[in-house]
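S.K.: Here's the letter readout for the chains.
Number of protein chains: 4
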Amino acid sequence: MIVEMRTGAAPAEIDDVVLKARSLGLDVQLNVGTDKTVVAILGSNTGQLATDVFAVLPGVESVTRIMKPYKLASRAFKAENTLVTVNGVEIGGKRVVVMAGPCAVENEEQLMKAARVVKEAGASVLRGGAFKPRTSPFSFQGLEKAGLDLLARAGKKWGMPVVTEVVDPHDIDMVSDSADILQIGSRNMQNFALLTAAGKSRHPVVLKRGFSCTVTEWLTAADYLLAGGNNQVILCERGIRTFEDSTRFSLDISSIPVIKRFSHLPVIVDPSHAAGHYSLVPAMAKAAVAAGADGLLIEVHPNPKEALVDGLQSLTPSDFARLMEELRAVAKSVGRYI
Amino acid sequence: MIVEMRTGAAPAEIDDVVLKARSLGLDVQLNVGTDKTVVAILGSNTGQLATDVFAVLPGVESVTRIMKPYKLASRAFKAENTLVTVNGVEIGGKRVVVMAGPCAVENEEQLMKAARVVKEAGASVLRGGAFKPRTSPFSFQGLEKAGLDLLARAGKKWGMPVVTEVVDPHDIDMVSDSADILQIGSRNMQNFALLTAAGKSRHPVVLKRGFSCTVTEWLTAADYLLAGGNNQVILCERGIRTFEDSTRFSLDISSIPVIKRFSHLPVIVDPSHAAGHYSLVPAMAKAAVAAGADGLLIEVHPNPKEALVDGLQSLTPSDFARLMEELRAVAKSVGRYI
Amino acid sequence: MIVEMRTGAAPAEIDDVVLKARSLGLDVQLNVGTDKTVVAILGSNTGQLATDVFAVLPGVESVTRIMKPYKLASRAFKAENTLVTVNGVEIGGKRVVVMAGPCAVENEEQLMKAARVVKEAGASVLRGGAFKPRTSPFSFQGLEKAGLDLLARAGKKWGMPVVTEVVDPHDIDMVSDSADILQIGSRNMQNFALLTAAGKSRHPVVLKRGFSCTVTEWLTAADYLLAGGNNQVILCERGIRTFEDSTRFSLDISSIPVIKRFSHLPVIVDPSHAAGHYSLVPAMAKAAVAAGADGLLIEVHPNPKEALVDGLQSLTPSDFARLMEELRAVAKSVGRYI
Amino acid sequence: MIVEMRTGAAPAEIDDVVLKARSLGLDVQLNVGTDKTVVAILGSNTGQLATDVFAVLPGVESVTRIMKPYKLASRAFKAENTLVTVNGVEIGGKRVVVMAGPCAVENEEQLMKAARVVKEAGASVLRGGAFKPRTSPFSFQGLEKAGLDLLARAGKKWGMPVVTEVVDPHDIDMVSDSADILQIGSRNMQNFALLTAAGKSRHPVVLKRGFSCTVTEWLTAADYLLAGGNNQVILCERGIRTFEDSTRFSLDISSIPVIKRFSHLPVIVDPSHAAGHYSLVPAMAKAAVAAGADGLLIEVHPNPKEALVDGLQSLTPSDFARLMEELRAVAKSVGRYI
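Protein chains in written order, with my numbering: chain Y, 11 to 348; chain R, 11 to 348; chain V, 11 to 348; chain H, 11 to 348.
Think of the hints as simulated: they come from the structure by calculation, not from any bench.
Among the hints, a few may not be true.
A pair holds if it fits inside one copy or across any two, identical chains being indistinguishable in the list.
Here are the computed lysine to aspartate or glutamate pairs in the EDC-like style, where the Cα-Cα straight-line distance is at most 16 Å [to be verified]:
(1) Lys-123 x Glu-316
(2) Lys-88 x Asp-45
(3) Lys-342 x Asp-45
(4) Lys-167 x Glu-154
(5) Lys-78 x Asp-183
(6) Lys-315 x Glu-23
(7) Lys-30 x Glu-316
(8) Lys-88 x Asp-37
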């Protein structure tokens with residue numbers, strides 16, 4: 011942590027900073043420049059320390075964090091890539107894992123049909139929402155428990171692990187009974203009660219990026235899961251909120267190489283929610299694979315025109331099958347396979 | 011809802027849109043232009059309908075919502091201002107209500123001291139956090155139940171209603187036993203499980219704006235509370251996330267007149283979290299009152315240098331007392347009082 | 011400048027950083043921690059040095075700027091407030107200066123009428139656009155030279171200095187012949203050719219903030235004017251681009267106290283362009299004065315319904331007169347006058 | 011254009027909207043719903059009409075644009091892809107065109123070396139800046155005329171067309187004498203004086219996206235060039251400004267399929283400025299090609315450690331050669347070549 015003193019700060023003010031740091035068990039080095047004094051505060055745990063501790067002291071101009079605030083999710087903490095394995099499917103390895111299925115589970119026929127088409131086209135994991143966080147209380151909220159049961163049956167029938175969202179910390183056991191992978195949605199990325207509960211689970215967790223959270227905050231949220239002992243964490247980029255309005259969100263493609271540089275966790279991409287429109291999904295999915303994503307989360311609906319939720323961003327079965335062919339070529343071009 | 015057909019859309023495609031709308035019980039009017047056909051879909055509930063319903067149909071270029079997605083929070087639904095009353099304190103009336111206190115309850119001495127100074131300076135409500143949502147799992151998470159007990163005692167002693175944050179839907183009863191007003195924090199504005207639970211409560215709720223949510227989404231989140239039967243809702247603007255980095259968030263001052271135009275709910279402002287620095291709080295608090303805010307939520311700490319959380323944005327007792335004087339003058343200049 | 015070396019950086023890599031800094035005439039201090047080495051590079055001109063100079067060196071993890079990149083606009087460079095005086099009107103003093111008039115000069119009748127009503131209501135400076143930067147080439151682009159002539163006549167007749175926008179570096183002399191204050195618009199805040207040319211002028215300049223530029227970049231752009239020898243610079247906050255869509259831009263009210271803290275230059279606020287809707291302008295104008303703005307730039311049109319440009323954000327003469335009354339009260343409440 | 015009247019708008023108010031539209035030569039259709047009346051205003055030129063024209067009328071709640079504000083750049087105006095040809099290099103065809111070279115021309119040795127390495131690695135166009143728009147007036151501003159001469163010589167020697175930035179409308183002829191393609195930089199995307207001047211030129215123009223401009227605004231800016239008669243326009247995505255701070259800007263990868271859907275113009279990507287760090291450039295470049303970009307603009311410096319500008323985002327010759335190999339594979343996987 012770097013504490014910049016104001017020009018003309020009194021010696022007693024500088025001393026206070028030094029004493030405060032030492033009282034916290036940290037090393038201190040003074041840099042006395044012609045214009046101002048800069049205090050370097052060193053130690054392996056300064057990343058977890060609030061900058062306010064020093065910023066409130068008189069004579070301090072600014073405090074800059076050098077250490078990242080996350081720890082367990084960092085590559086500095088664990089150099090080798092984390093590999094998440096669920097029912098024989100490896101996420102974070104050479105294979106690009108495609109998770110596909112409908113946004114919401116609507117009924118048995120819809121889900122079974124969706125499961126069949128995504129399996130036949132080469133998807134490895136079945137996705138589907140039973141609890142649907144909706145911006146309006148008047149919208150369809152999902153089949154809940156009945157949806158979980160359908161997912162479990164579809165996954166079993168088609169031999170695919172199932173990923174589904176959990177929205178209440180008290181539902182984790184119930185969801186875990188039916189699903190193989192828990193998903194924490196974008197709006198809950200900083201729902202710390204939910205993160206803490208999921209950290210106690212031993213089910214793999216897909217942690218979607220909050221649509222207005224930085225990569226640093228995202229990795230710090232992952233620390234909640236890791237600190238609880240759950241090291242089966244998969245990050246999922248799904249677009250961030252910007253001023254651009256031709257897409258629902260702006261897919262932050264750069265977050266993939268950034269995550270690869272700073273973290274050991276696998277990262278997948280959800281082009282469907284980022285785009286908001288089926289016609290843009292293929293280009294964004296291919297870009298994600300080319301950029302190094304470890305997997306994709308794609309919405310597929312047997313009949314998007316009848317979808318209860320997010321029909322516009324869902325691919326039809328034939329569009330999905332065609333995309334899978336294209337993705338195989340792109341994956342191969344960057345030394346991977348699907 | 012306005013459905014714009016593509017140039018050259020087939021008559022059958024236009025028919026499909028019309029049939030879909032009629033099957034949902036909606037009125038339809040066709041506007042046939044030289045370039046393209048525009049279908050107007052009318053009815054009082056189109057605000058709650060997803061645009062996707064029409065956007066997925068072949069031949070559709072775009073779908074634009076005319077009705078707002080929120081209903082119960084709108085001024086169209088209820089023309090007169092909502093007045094929230096708690097223990098004799100009215101929020102939304104002519105008085106500008108100041109809620110003040112420490113970010114986190116740290117111990118009895120700190121809280122009692124803070125309560126005394128804010129009361130003496132003229133605050134009407136005591137704030138303090140017992141459950142602290144923190145970005146890092148390694149940070150201080152609040153005193154939880156013990157903090158609630160201290161808040162209840164301080165509120166009683168100094169004759170002030172107490173507002174505190176609730177983060178888990180299952181904690182609402184426990185928090186309601188100690189606090190007079192429930193706060194739903196920025197990161198939980200779209201935690202729909204929490205909103206649904208708080209909607210069933212009859213305690214007033216301060217609903218903080220998600221730092222990346224639009225005013226429209228904020229009012230739609232308020233609909234969750236109102237739809238549950240809880241009409242004691244106070245909105246709280248606390249800054250949005252932008253590219254500007256000289257403040258922690260950017261206080262969206264315009265949201266105050268926008269809320270006043272489109273909603274009947276009272277709106278207060280939290281300049282402390284928006285600014286992130288005590289030196290900016292007074293100017294922002296005065297601006298909020300001048301813009302028409304119904305109240306303020308301000309962090310005050312007996313000794314910010316020793317604060318466990320957010321010390322940098324907390325005012326000292328003397329700074330707070332001075333600010334209250336200044337606010338009285340500004341309130342008077344816009345026809346209100348504190 | 012703080013150079014953080016990677017954990018395990020080689021001594022030769024650290025030496026390279028030190029040598030590079032010394033070759034640039036800078037002081038260096040080494041901070042050797044248990045985890046990593048941090049190199050503090052000190053000197054009064056490091057603000058103008060690109061961080062890349064060190065960031066490209068092997069073994070460097072990150073480089074953080076301590077000194078601000080702007081210099082002449084900073085309060086560290088000049089402690090006392092700058093007062094801009096034009097034809098007897100002082101900007102940056104105790105008086106809050108209101109600049110008002112139509113967005114675009116349309117014809118003689120419109121401008122003369124606008125000038126009269128703003129003068130009678132108490133405005134000190136007349137605004138009006140002769141060159142209109144428009145997003146579409148098919149929109150009205152302004153009266154250009156003829157508009158300048160009208161402005162000069164209206165200013166003379168009503169005894170008000172005139173402010174108008176200049177968009178081409180080669181037009182500065184022509185515009186200066188008619189106008190008393192040059193305006194550099196938001197889209198040109200980083201048009202360095204224009205800034206350089208305006209820096210050579212001795213006419214006061216209103217420098218509008220780029221709608222996506224940080225306060226730091228804004229003050230650095232002001233350095234272009236100041237470095238050219240033109241110290242009559244007035245900053246103008248006019249809203250930044252965010253995700254919020256209920257207003258045209260988001261007025262960054264916090265920028266006012268931030269500018270006051272870090273710079274000596276006067277700052278005014280344009281609530282009209284930020285709001286985009288006349289009904290929001292009064293609340294935002296009052297907030298600006300309460301927050302400490304030195305002036306306002308407000309669009310007033312004799313008949314907004316017939317305006318060629320931006321009619322929706324223009325006040326009518328009667329609304330403007332009423333607002334001026336309200337502003338007088340707010341100004342007084344913060345120790346100023348209009 | 012869709013004009014939504016307020017609930018309870020008077021018949022005379024509705025009539026006013028209708029009359030206004032008819033006075034502008036537009037078709038009008040009334041949609042009378044149970045809650046409110048919606049007026050559809052039809053005609054092929056409503057995209058160029060300001061929404062304010064109707065929004066200011068009494069009784070109007072909101073006005074929504076259906077037609078896009080750009081016209082000449084739209085695919086509706088010209089269905090087939092535009093192919094820009096310069097000295098035998100086709101941009102917008104099956105080949106992915108790589109433009110590479112140093113950020114700034116520094117001296118003859120540096121430029122000649124850079125030209126050689128990019129040519130040998132397979133680049134088709136040489137890039138280099140002679141006029142450098144810099145945020146600080148104290149930074150290196152480019153070699154200007156001398157830099158142009160060097161570029162012309164390097165392009166000739168290595169048989170590559172040259173692209174370079176122009177910043178002043180009055181420099182277009184001078185720059186055109188040396189360069190084959192004019193570049194309009196991000197900060198000048200809405201410098202309408204410059205766009206108008208470049209529209210009169212017959213040199214191809216690379217129009218970089220303003221870092222805070224929407225795709226719609228970008229295409230509308232392209233209309234300035236096209237309206238002037240210059241149809242040799244190449245769009246360049248270079249990252250937008252968001253809250254994310256781990257990269258310099260956020261590359262908006264989705265803009266590529268969006269542009270392909272709505273416009274006929276070729277689009278290239280500059281991963282160097284978006285990333286701000288050389289280590290992220292390869293992943294982003296590959297993503298751009300996979301997403302369908304028609305070309306890349308990449309910064310390469312013979313010795314980034316000594317670069318005067320933007321060294322951190324420049325690739326070394328060997329890194330660039332390796333990337334070109336990888337890009338060939340990705341281009342092939344999507345049916346293109348380099």
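S.K.: Taking each numbered hint in turn, which are not upheld by the structure, reported in ascending numerical order?
M.R.: The structure conflicts with hints 3, 4, 5, 8, although it agrees with all the remaining ones.
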